[in-house]
Amino acid sequence: MLLTPPLIRRLSIDRLTFLSTTLAFAVFREFNTDARLRGPVLRIGVLTAGGDAVARHDGALLGVEEAKHSAELFGGDAELIPIENAARVPASLAAVIANDSLETTRMLASRAASGAHLIMNVDCTADDLRGPSCAAFLFHVAPSDAMLRDARAQAGGATDVVAWDGALTRFGADTLNDRFRKRFNRSMTSASWAAWFAVKALWESTLRMKSAEPHQLADYLTRDTTQFDGHKGRPLSFRSWDHQLRQFVYARVGGKLVDVPQSPTPETTSRDFLDKLGTGASATTCHFRS
Amino acid sequence: MKAPIAFLLAASLAPQARAQATAFVSNEGSHDVSVVDLATRRVVATIKLAGRARGIHLSPDDRTLYVATSEDKPRPGSTSKANAITVIDVATRKIIAMHRIGSDPEQFALTPDGRFIYASNEDGGTATAVDTRTGKDVATLVVGIEPEGVAVSPDGRWIAVTAETSNSLSIIDRKKNKVVDNLLVDLRPRAAAFSPDGARLYVTAEISGTVSVIDAKTHALIKTIVLNRGEAKPVGVVVSPDGRRVYVVGGATGALYAIDAASNAVVATIPVGKRPWGVAVSADGKFVYTANGMSNDMAIVDAAANKVVGRVGVGQRPWGIVVSR
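In order, the protein sequences belong to chains A and B.
Just so we're aligned, residue 1 is where the first sequence starts under my numbering, counting upward by one.
Just so we're aligned, residue 1 is where the second sequence starts under my numbering, counting upward by one.
One thing to keep in mind: the hints can contain errors.
[What the hints assert, rightly or not] Here are the simulated DSS-like pairs of lysine-lysine, each with C-alpha atoms no more than 30 Å apart in a straight line: (1) A:68 - B:73; (2) B:307 - B:223; (3) B:307 - A:68; (4) B:73 - A:256; (5) B:178 - A:210.
[Claimed, not checked] Some residues of chain B that are not near chain A, with every Cβ distance over 12 Å (derived): (6) 81; (7) 87; (8) 154; (9) 170; (10) 174; (11) 284; (12) 296.
[As the list claims (entries may be wrong)] Here are some of the chain A residues that sit facing chain B, going by a computed Cβ distance under 10 Å: (13) 67; (14) 74; (15) 176; (16) 200.
These are calculated hints, taken from the structure and not from any lab test.
Just so it is clear, CB atoms sit at the ideal spot from N, CA and C, and this is done for glycine as well.
Isolated chain A (complex conformation):
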């Protein structure tokens, strides 16, 4: 798979921007050297081909830049490594952000079956990946086709269902959308959000486990008590039976964005409520081989 010329330009500009930003930080910010402890280095690869590669890359880059800011406080570091050939993933990576292709994601997951790294699915909705082709080290931030179907059925007249939209404002979505727009001069799309969230979840796991080792990260992601804030107003978590992220999706109905499922009551737990979308534990066809 080849890098398209515009993306090559984008990636090299990003490196330049990043270098200058880092320099600016070093000059203007008072560094607290005591807090810059040694710590785990989270290396994340991102596929540079397939789907909206720029949206995916930018989301992941925002996540990594935020992780670097956090590393100023907690130590450690995060790095984003563009992967041009999905068949040749460096062994040093803790995780790979995949693309929209079922075949590519399946191949990545099968090659990482022993936990060489985690595969973060941010753009492929195929139910197959959450069912027969599920894998212990494969995690889905992108909603599944089953979730999108349920959302359409719950929101009458929906013309589209998305995981994110640049116009969302509630629950801190406005601050995230503003950060993204300010950094990349365009809207945060579903793929950008999912890539950003994948990095955020991995970095938080790294901090809480004090390790960026893939088995440790998978352990944290699958704990019953683990949850994340994705600026969607309720805690999000990965389902134990297929590693699908429980989350709200947004239906476009008559020019408006509607949360699906519709706002939960405080009497229902977020987990139960969000499990109204997609394949439940009893219906799953996923059997993890370990």
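Add chain B to chain A, keeping to what the hints say.
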């Protein structure tokens, strides 16, 4: 004869103490502050502001009121004059200064000597210390991403700043004006409060629906209190003057949670109104007040009975509340 004396004392002192007590409620929607006389439970004045009013604090002598205002829709890098900490003279209810702090001021705290404001800069990942006499920045410190709640220890030595995206709490040593420690807390930490003896630090986490009880000296987590199975969306937190009760408001449940500080257990859940975010306690600890964002009112809660005993309609979308002595 003890009871009648106590009764007489209470009767002679209480009205006097109450007559002076005033609540100030910042209204996000109507861009103003409602001044509520707590003796009569009436709005006695409305102070018009330049923008969306959120964080609100009184100077230690109760003479000066500080309110964070911003534009309705935050714009990164905006130079609008609405983005400021507005300084109000309590006696005349007039605006006497507007300190420019960042592009979207929301939360801040005042040091006990009234000399410095520590404010979180949501879009900058920093906290800024401002001299209240000059309105000038004296330090800018790197904290977590999307900084929010700010609390100052009673001795003025430590400043705690929460950060909503990085789920972190940064501790600033005011003597060095340096971040000396960073802690991971629960999801989307919104507000923090020290106990009056400075031993405990309470942090609410909106998305986790919890309150973290932290040892303010060692920074060790003592306990995580889960509110309404984690679905309460807690925001404001305040500790009673005697340190025995911690009051937290749950935005999703419309409830005030009274927590026993000794056992860290919820001892009462009091329905107060729709989406309460701001909470304050009277100087004598007898009343707790909540700002109910979607009911456009404040609730007055009797702290002994754990019951709402009064309501005062305020401006649109009340956000924060402070009470004078």
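Hints and how they fare:
no. : hint          : in the structure
1   : A:68 - B:73   : holds, 28 Å
2   : B:307 - B:223 : holds, 27 Å
3   : B:307 - A:68  : violated, 47 Å
4   : B:73 - A:256  : holds, 19 Å
5   : B:178 - A:210 : holds, 24 Å
6   : 81            : holds, 20 Å
7   : 87            : holds, 26 Å
8   : 154           : holds, 25 Å
9   : 170           : violated, 7 Å
10  : 174           : holds, 15 Å
11  : 284           : holds, 32 Å
12  : 296           : holds, 19 Å
13  : 67            : holds, 9 Å
14  : 74            : holds, 6 Å
15  : 176           : holds, 8 Å
16  : 200           : holds, 8 Å
In summary, the structure is inconsistent with hints 3, 9 from the numbered list given earlier, while agreeing with the others.
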